[in-house]
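A.B. asks: For reference, the chains in residue letters:
Protein chains: 2
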Amino acid sequence: MNTAASGGRRGELELAHRTVQTPVFMPVGTQGTVKAVPQNILEELGAELILGNTYHLYLRPGHELVNRMGGLHKFISWPRAMLTDSGGFQVFSLSALRKVNDEGVEFRSHLDGSKHFFSPEHSMDVQIALGADIAMAFDECTEYPADRTRAQKSMQLTLAWARRSLNHFRANQQKVVWAEEQGRKQNLFGIVQGGMYTDLRRECAERLVEMDFDGYAIGGLSVGEPRELTQEMIAEVLPLLPKDKPRYVMGVGFPDEIEAYAKMGVDMMDCVIPTRAARHGLLFTSEGRMNIKNLQYAEDQNPPDPKCNCMVCQRYTRAYLRHLMKSAEPLGGTLNSIHNLAFYLNTMERVRGELAQ
Amino acid sequence: MNTAASGGRRGELELAHRTVQTPVFMPVGTQGTVKAVPQNILEELGAELILGNTYHLYLRPGHELVNRMGGLHKFISWPRAMLTDSGGFQVFSLSALRKVNDEGVEFRSHLDGSKHFFSPEHSMDVQIALGADIAMAFDECTEYPADRTRAQKSMQLTLAWARRSLNHFRANQQKVVWAEEQGRKQNLFGIVQGGMYTDLRRECAERLVEMDFDGYAIGGLSVGEPRELTQEMIAEVLPLLPKDKPRYVMGVGFPDEIEAYAKMGVDMMDCVIPTRAARHGLLFTSEGRMNIKNLQYAEDQNPPDPKCNCMVCQRYTRAYLRHLMKSAEPLGGTLNSIHNLAFYLNTMERVRGELAQ
Chain A
1 MNTAASGGRR GELELAHRTV QTPVFMPVGT QGTVKAVPQN ILEELGAELI
51 LGNTYHLYLR PGHELVNRMG GLHKFISWPR AMLTDSGGFQ VFSLSALRKV
101 NDEGVEFRSH LDGSKHFFSP EHSMDVQIAL GADIAMAFDE CTEYPADRTR
151 AQKSMQLTLA WARRSLNHFR ANQQKVVWAE EQGRKQNLFG IVQGGMYTDL
201 RRECAERLVE MDFDGYAIGG LSVGEPRELT QEMIAEVLPL LPKDKPRYVM
251 GVGFPDEIEA YAKMGVDMMD CVIPTRAARH GLLFTSEGRM NIKNLQYAED
301 QNPPDPKCNC MVCQRYTRAY LRHLMKSAEP LGGTLNSIHN LAFYLNTMER
351 VRGELAQ
Chain B
358 MNTAASGGRR GELELAHRTV QTPVFMPVGT QGTVKAVPQN ILEELGAELI
408 LGNTYHLYLR PGHELVNRMG GLHKFISWPR AMLTDSGGFQ VFSLSALRKV
458 NDEGVEFRSH LDGSKHFFSP EHSMDVQIAL GADIAMAFDE CTEYPADRTR
508 AQKSMQLTLA WARRSLNHFR ANQQKVVWAE EQGRKQNLFG IVQGGMYTDL
558 RRECAERLVE MDFDGYAIGG LSVGEPRELT QEMIAEVLPL LPKDKPRYVM
608 GVGFPDEIEA YAKMGVDMMD CVIPTRAARH GLLFTSEGRM NIKNLQYAED
658 QNPPDPKCNC MVCQRYTRAY LRHLMKSAEP LGGTLNSIHN LAFYLNTMER
708 VRGELAQ
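Going down the list, the protein sequences come from chains A and B.
Each residue of the first sequence is one higher than the one before, counting from 1 in our numbering.
Each residue of the second sequence is one higher than the one before, counting from 358 in our numbering.
It should be emphasised that the hints constitute simulated quantities derived from the structure, not laboratory data.
Do not take every clue at face value.
[Said to hold, decoys possible] Under the rule of at most 30 Å between Cα atoms (straight-line distance), these lysine-lysine pairs were calculated in the DSS-like manner:
#1 532/B <-> 74/A
#2 650/B <-> 74/A
#3 35/A <-> 431/B
#4 392/B <-> 307/A
#5 542/B <-> 431/B
#6 532/B <-> 472/B
Please model the entire structure based on the sequences and the hints provided.
C.D. replies: As structure tokens, then:
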């Protein structure tokens, strides 16, 4: 990680499949596809690093199949950088009948009810098999609100799992399918938990830094808490993280949030908002949020965002996008997603420019 | 229409928005979008002429709105050629509680049950407002099977409506939004009906030719009859149509059918099969039909069609397309549709090459 330090920092993240310009926004490709957007368009939009969700890919098509296909990059035809989460968050948010103990989590698939078990070691094996550039330590995402006792216990579990994740990862990371190529290695990031308690967050961050991960994430945010609290937790943790390693805030946020966090010194962010909102007709523009299904756009011949240079704004009108959404046409979700991703990626490009001044 | 005559014929169709190479396959864009495929990709695939459905566009967003937006080409951002059907077929296949009399058809919208009335004159007004390069006469599509009395009565109604369509169209065609541009005119095609009775088909064709349309379509085929009967009806009608005008068989077919009909002398065909089948995982390839959801493709790293040069076959594997379909990801329908359209368009390009020899 090379950065020009300041409140916010402009940097480069050298990963096996791409040197990524930071701060970076990472589109989410849950099941090995950024929903409704072809890969070549993601490339044209300038996406450098996208996410895959370990929980989903483990269940379908299975990490072993992906591995036999040459790993996630080859399987989905994405030559640039990728990151996989640990599966922990989805186990807690999607699966049924979870049982957590010190060893790991037993859960039932949201697809077919089948029984599965994730431990830190198993999450590492799955993520090494998938072979993203960055893997994440297996953590417990503390729910909100959580009282102090609960948050502390959850943070301690996350720390124990972080140590086990790291040990297992270091012993096995050379198994990644593209490891034979010289000088390329898979990275593992630790995840700071601790609920909304600053002292717990600090303790978690300090202990993780002692373990020496390749990068650090702040997890357990954007889980329903007020935005001021999100910002407070980020501000508390960032100064404790090593300057020469990437800092990742997971699962945020709206455009003004990703800009604010980047200017606080966050290097990496991911969020489903741009694509999920798009599929419901919510567009982010230089003029603010726009529900393209509203009647007021029925005969509006302006592009979605007159200041945007994306392929959607260059070609299509608000009237047409509204018609597509009102008619439940799949092209609506695709075009809206392309624009929203362009808006997020352009936002970060602008912020990088400002930070480089 | 300039053609090099033979059984099959290689030609050019000079339309207001495009000189189209024939024989041509026309992708179907029912609601003003070829389902799940962005316009720029259709252009890259070489689509020159696409369909819009009058019934759907009349109901939503409404032909008057489309007209205020500058017509269908501008509304959907498709600068190449377009054709609209008459609305007749969809009224019969989609709407509820139809009442047909000599004047026209009363029907209820499949969207909200609202009551509407289409006459030949109204269909012309709607199609002139939409402003495609080619409009179609309002016809009654005879169901299959239909006895001789029914088929004859239906054919007579179609002939009466053809005359009224033509009169109303000729009196109003200058109202098309792009008419001011010199030398550009909207075309009207007549539609040959007559069920599966060769003498009725002949009578219908001869009477339509006397009316002097800009082109002629054969309708009421691919409605459930055996393929031999389809071919027999086409073979019976084609020789009766003027050599210097385009000949269009509506709503066909599978790849081998469009090739066979093109080689019989058909200039234009449209069909929803490539895109509809794609969304269900059925791919057309040089090796035959492929249900990409089958288990046998789970780890197949070949492109969908090794002999295809489309953007999907150049980038993605069968294993990935299967995963997308099994995961109900919208990208699956998009990529499959792109490949199937490429296969259809490439088939016609090859046929044009053979006919030019």
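A.B. asks: If a hint holds in the structure, say so; if it doesn't, say that too.
C.D. replies: Status of the hints after comparison with the structure:
1. 532/B <-> 74/A: At roughly 54 Å apart (the allowed maximum being 30 Å), residue 74/A and residue 532/B break the hint.
2. 650/B <-> 74/A: 20 Å, holds
3. 35/A <-> 431/B: 28 Å, holds
4. 392/B <-> 307/A: Holds - the C-alpha atoms of residue 307/A and residue 392/B are around 28 Å apart, at most 30 Å.
5. 542/B <-> 431/B: 17 Å, holds
6. 532/B <-> 472/B: 27 Å, holds
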